[in-house]
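Q: Please work from the sequences and hints to get the whole structure.
In the numbering used here, each residue's number is its place in the sequence shown (first place is 1) plus 197.
Please note: incorrect hints may appear among the correct ones.
Straight line, CA to CA, 20 Å or less: simulated DMTMM-like cross-link-like pairs of lysine to aspartate or glutamate [unchecked claim]:
id : residue 1 : residue 2
1  : 264       : 220
2  : 264       : 339
3  : 246       : 278
4  : 264       : 275
5  : 246       : 220
6  : 232       : 220
7  : 264       : 278
8  : 210       : 220
9  : 224       : 271
10 : 259       : 339
11 : 264       : 433
12 : 287       : 271
13 : 259       : 340
14 : 246       : 275
15 : 232       : 275
16 : 264       : 229
17 : 259       : 271
Since the hints were derived computationally from the structure, they do not count as laboratory data.
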Amino acid sequence: MSFPNLLGDEFAKVAKDRVQSFEALIKSNCAEDLKFYLCSLNFPMCTEKIPQPIGPCQPLCKTVREKCLPLLRDFGFDWPEYMNCSNLPKENNGDMMCMPGPSTKSAFPAPKTEEAERNEEQGTHFEQNGFVHSNGHQKCSDDFYYFNRTGVCVPLCNGQRALHQTDRYSTSTYLSVLCGLSVFFTVSSIIFFLTRPHILPTFPERSLLWSAISFMLSSIIYVFSLLYREEISCREYAGFSLSVVASLPHIPCTAVAAALFYLGTAGRLWWFIMCLAWKEHTLQTASIDKYRRQVCLLTWTLPLAVVMLALMAKSVQADPLSGLCLVGSANKVLEGVFPVFRECIMFFVVIVPLFSGCCSLVGSSPVSPSPNTHPHPSHLGLLGCVYLVAAFFYVFAYLHDILQPAMAWTRSWNIVSAIKLLIDPFMGAVAGFFCLVIIISNQYRANRAPSSFKAGYQPAPLPQSLPPNRPQPEVPRPISSTYTGTYAAAPHFTR
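A: Structural data, given as structure tokens:
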């Protein structure tokens, strides 16, 4: 060893006391090379061939700092200024010599094979559960931060992670457009409905409005998340802005993901209620109308149980492409358990009333509605099939992503990622648009036949003609005229 050392200490006792001041940090075992780093920094190696003392290399210093700095900050300390890593040589060369440490691979990454380089370009190298796992000797890339608590490399918010800026811009643009259409159509429908509540007289039509409202609220949250992406999907930790993952939760991110999943599930349930009520109207029973309050209560409370299960499973994570916090983004298994399984269940429960209603309409003669009733909305049966198509393509996109993981479909803007991200705003735009069309159509029909929409007293219709062969009653004459006629017809006597 050589004195003065790299820190300027001229005596070994001073250097020894400095090392002992890190005894608690050494016992915490925050970094396996911490003890070697402190010894090489305070007691550098010397040789006759090289006049300068040989201390630790800069990569070794950075590795130790990244692993131990969070623990230091938990106790209110920062990384000492005299241990600045920029003062150390980056590598061994002809001018400066340094010691990389026992774990050489942790300071200097091993050469990558062609397959590993190809996987890293696609964003799938060492990736599992939405973040990169550290194998103990693999250094995190520049777009990731080593999280010592769980031993994983958490992606940085500002990191590219093999994503192109144009893909992120396209994702934000399409999301904003569809969300804007959903909000516009639904708000217009709500205004018309509040001014003329009778404009949606049947339960299927009002169920469509509730479905549009649910998707509209989720669209507002989508836009809000895009505007405040950094505050919601990122979290400050150890001086770095990290993307939210399952092992690093963030309350705003969790709240947004839970709200989106709740409103999406509620919108799908209202879509199912619309199809079920439409089937009841085709059978001329409409028994579901008697239980409107119970149906509304069940539709708004049932998604809460599903959201609680999703939060307990720690399935919330920020999507790398859009930056949105979504349920099921943590890994493919949780995505299959919650979003995909939800689509499969809703697909089958929606197709049952649609198929039953279509079977009841086939071969049956159309029933003319009475003057005081509204005709059943037969067009809603065709509208109900829109969700079946959307759910089918969503499940197909998930299976395509599972069967071809090397293609990294969710790492770029393509048909697979578009279907998985845009299904809720798309359903909101469709529901809001058709709800507005139905309102305008009902209003037009009301203007042409206003009596069918009047409430209160309805005058009885006058008979068109009298029954045949019925004698007409004689119109009674006044008494005065009868007396006059009788007097005139009586004989008169003269004296």
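Q: Regarding the pair residue 264 and residue 275, is the alpha-carbon distance no greater than 20 Å?
A: 13 Å, holds
Q: Does residue 220 lie within 20 Å of residue 264 when you go C-alpha to C-alpha?
A: 16 Å, holds
Q: Against the 20 Å threshold, does the CA-CA distance of residue 287 and residue 271 hold or violate the hint?
A: 29 Å, violated
Q: Hey, residue 224 versus residue 271, does the alpha-carbon distance stay inside 20 Å?
A: 16 Å, holds
Q: Take a quick look at whether residue 259 and residue 340 sit within 20 Å of each other, Cα to Cα.
A: 15 Å, holds
Q: Holds or violated: residue 264 and residue 339, Cα atoms, limit 20 Å.
A: This hinted pair holds, its Cα atoms lying about 15 Å apart.
Q: Is it true that the CA of residue 259 sits at most 20 Å from the CA of residue 339?
A: 12 Å, holds
Q: For a C-alpha distance cap of 20 Å, please report whether residue 232 and residue 220 respect it.
A: 9 Å, holds
Q: Please work out if residue 232 and residue 275 have their alpha carbons no farther apart than 20 Å.
A: 18 Å, holds
Q: Against the 20 Å threshold, does the CA-CA distance of residue 264 and residue 229 hold or violate the hint?
A: 9 Å, holds
Q: Need the status of pair residue 210, residue 220: alpha-carbon distance at most 20 Å?
A: 15 Å, holds
Q: Quickly compare the C-alpha distance for residue 246 and residue 220 to 20 Å and report which way the hint goes.
A: 33 Å, violated
Hint compliance for this structure: hints 3, 5, 12 and 14 are broken, all remaining hints hold.
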